[in-house]
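Protein chains in written order, with my numbering: chain Z, 1 to 253; chain Y, 1 to 645.
Certain hints may be false.
[Claimed, not checked] These stretches of chain Z come out as covered by chain Y in the derived footprint (C-beta under 8 Å, 3 or more residues):
(1) 57–63
(2) 187–194
(3) 235–243
[Said to hold, decoys possible] Below, simulated DSBU-like cross-link-like pairs (lysine-lysine); rule was C-alpha separation at most 30 Å, straight line:
(4) K14/Y x K41/Y
(5) K261/Y x K533/Y
(6) K376/Y x K147/Z
(7) K14/Y x K629/Y
(8) K376/Y x K314/Y
(9) K497/Y x K11/Z
(10) K497/Y x K533/Y
(11) K41/Y x K122/Z
(12) K305/Y x K41/Y
Derived by calculation from the structure, the hints in this document are not laboratory data. Since we're looking at a predicted model, the values are computed, not measured. Where is the CB? At the ideal position from N, CA and C, for every residue including glycine.
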Amino acid sequence: MNLTLRIWRQKGPEDKGQMVTYQVPDVSPDMSFLEMLDVLNERLILEGEEPVAFDHDCREGICGMCSLMINGEAHGPQRGTTACQLHMRQFSDGDTIDIEPWRARAFPVVKDLVVNRSAFDKIIEAGGYITAPTGSAPEAHSAPVAKANADAAFESAACIGCGACVAACPNGSGMLFTAAKITQLSLLPQGQPERYTRVIGMVDAHDEAGFGGCTNIGECAAACPKGIPLNTIGRLNRDFLKATTKRAGTPGS
Amino acid sequence: MDLYTEGDPIADTKAPDGPIETRWERHRFEGKLVNPANRRKLTVIVVGTGLAGGSAAATLAEQGYHVKSYCYQDSPRRAHSIAAQGGINAAKNYRNDGDSVHRLFYDTVKGGDFRSRESNVHRLAEVSVNIIDQCVAQGVPFAREYGGLLDTRSFGGAQVQRTFYARGQTGQQLLLGAYQALERQIGLGNVEMNARHEMLELVVVDGRARGIVVRDLVTGEISTEMADAVVLASGGYGNVFYLSTNAKGCNVTASWRAHRKGAYFANPCYTQIHPTCIPVSGDHQSKLTLMSESLRNDGRVWVPKAKGDNRNPKDIPEDERDYYLERIYPSFGNLVPRDIASRAAKNVCDEGRGVGPSGLGVYLDFADAIQRLGRKAIEAKYGNLFEMYERITGEDPYEVPMRIYPAVHYTMGGLWVDYDLQSSIPGLFVIGEANFSDHGANRLGASALMQGLADGYFVLPNTLPNYLANAGSFGKVDASHPQAVAARTAVEERIQKLLSINGDRTVDSFHRELGQIMWEHCGMERSEAGLRKAIDEIRTLRDEFWQRVRVPGDGEGLNQSLEKAGRVADFFELAELMCIDALHREESCGGHFRAEHQTPDGEAQRDDDRFAYVAAWEYTGTGQPVLHKEDLKFEYVHPTQRSYK
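Put together the whole structure using the sequences plus the hints.
Okay, structure coming up:
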């Protein structure tokens, strides 16, 4: 099939940037979306142009590095699929495809389609862990976990930190990402001691990093390639409310 | 032979003796320690943030060292360990099915085809149980039974169920556990994290590793970072084949730069070809996707009995199907180790019985399992893998059998290390897939996660202090030291060279061609004639690369073509060494199969009299490496012809 691509080109963080049109002929339906971009880039290099910069690594939908807004949808049209796992059989001959970077205040553009998502690391740094220094762990079977809780914790832990939720949110909120980690850890017995200090720390870091507030629109969950459910945000809100009323960190509360 | 020369044998001088089950404990006791007050004055560089690097950086920081961590990805959470699907082995014996530390040790030595060190493997089996405890404490959501206890499953090369897992995302969950521990240390100011940075050179001063030269991939800035010790956790080199299950960015540069500075490279020809990957679909293919080995628990592998039978698989009756693994290996069946399953797939395809458009594929069929257990049970176990398969191929594996073919997956070879995980350069430690130490000539499934975390959480943090205890005598050096300046200048000159060629071929076109040479001649089956041909072709192509490659843009700022060019340049040098290693090893063992050395029924024929050693290669710069042999001794597991029949 033959395609027209309109791609966001931006030389660097200070550059204004613009959409540039490219024709890509003879695209095979078995190609992945990124392989289609590889073909374009090979051609641009030989024509003496700069190839399009985009982030990618594992190309099997798990590392979370790829981050393309395709026709206005984070990771493109196929639900539950990262851009690297999107295949060209989802498109038709003659299509025009718009390709843009994540756009959010907390994710500044580095170059072309590459953005800086280090704000996510800052949120984890502020409490997205269980304090368990190496060597201090008790026997693994000392704390059984009900299967339903283990499964729900796993479901939230499946987040790949790609940032599609932020890109899809009209407010540029990172609440689904934050809530996924909160939910995972608060469903496990090991996560209880830090449960309420964690939620306050992470929400504060989220706000400081420049993410917008959550107004329960739900675009995030619809765009999430890993199907992180929207009710994780409800869990976060409940924990946050409890934490503020309990005065997190006060003994006995 | 003019391809290499032989030097003095090398010995693992740190290797302990005595009863094997007491060696690690005694060694830890005998090692020197660093007083907590002195630890914060010592800086350790860790390159890579996968299971090994992430867990090591976090643990060393917890102990009080000042850690500087580097990764090429935009976040430490994205290292390729994240893509490991199936599971992690541990000798917990929760199933009461006869498992023990000794059995895990035994299975791993045997699985490695008697080309690994007994002491190292035993230590690995010992700490495996601590890893599970550690990960559970961190909140890793392992699969559980209804009673709330941990579930386990079986994996290739073992007859016990010792593999812990988190659906098909075990690597992701373990890595996020390590990443979160690392982020905690970053928040506490104990780790200085440098994402989007690539190590391009090692700084060696007075014979010790004292720093690295890195490039900031966003700004293009080159800087020299000094330390008291350097730890490489930079992963494997499977991308030398261009197509592999590795992430696109995985590369050998950190290891290769260290090799050029004096670190020996051990057993480079030991590569693992994984039997269950999605077949290549066309020339545009940029990577291959693994389907977890756990699928072989329930899927049955088959091809038609007749050559060229291209009927729809559903129309091929039972008695015209060849379930060849079950036929040839009745006791392990579909769960034979990876090297054996891969070669068997190659053999049936070579006979003309392969399936799919290219003829390079075999069926992995779940029809029986779906009938026996119900679709729901299969969905619960493998749902995400089935979805991934359908996304890539457009076929529904609940209805049509999967098509799979072997692909490069893991490299058992790597930088040579002693029992302390120290390379032949003092102060340079190598952990995880980047070293060579535990898997011999073939790695068993679910053992990579075990080794990465063993090295990072439990081994290195107990061996590095013995080296750092003497740090007071190393002498103060900074980035202005002549050796550091020379390393940095070399990096700058190489970048300028790559940018100035301005030829007419892209980096990827060279990489693809190199990969084809390697897959053809240094892949699943190797022969003397093929390897000699490959060495010639690699040398010619490498010369062409340095004359015709085109790297657009400049060194200032993000330049992904420049990053790739540097990595491919190093792959060229490694590729030649791999072929020399494969050529010199005139036997078949594990993932290294030489056509000239097979049993009458086509199994790998080891030659223990001549080749029961680790081949540690020294870089000379003349194109003629020096071979140092480290003899392997087997006191507990007697080498036998591996049989899974």
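Here is how each hint holds up against the structure:
no.: 1; hint: 57–63; in the structure: holds (count 7)
no.: 2; hint: 187–194; in the structure: holds (count 3)
no.: 3; hint: 235–243; in the structure: violated (count 0)
no.: 4; hint: K14/Y x K41/Y; in the structure: holds, 26 Å
no.: 5; hint: K261/Y x K533/Y; in the structure: holds, 28 Å
no.: 6; hint: K376/Y x K147/Z; in the structure: holds, 17 Å
no.: 7; hint: K14/Y x K629/Y; in the structure: holds, 16 Å
no.: 8; hint: K376/Y x K314/Y; in the structure: holds, 21 Å
no.: 9; hint: K497/Y x K11/Z; in the structure: holds, 23 Å
no.: 10; hint: K497/Y x K533/Y; in the structure: holds, 29 Å
no.: 11; hint: K41/Y x K122/Z; in the structure: holds, 26 Å
no.: 12; hint: K305/Y x K41/Y; in the structure: violated, 67 Å
Hint compliance for this structure: hints 3, 12 are not met, and every other hint is.
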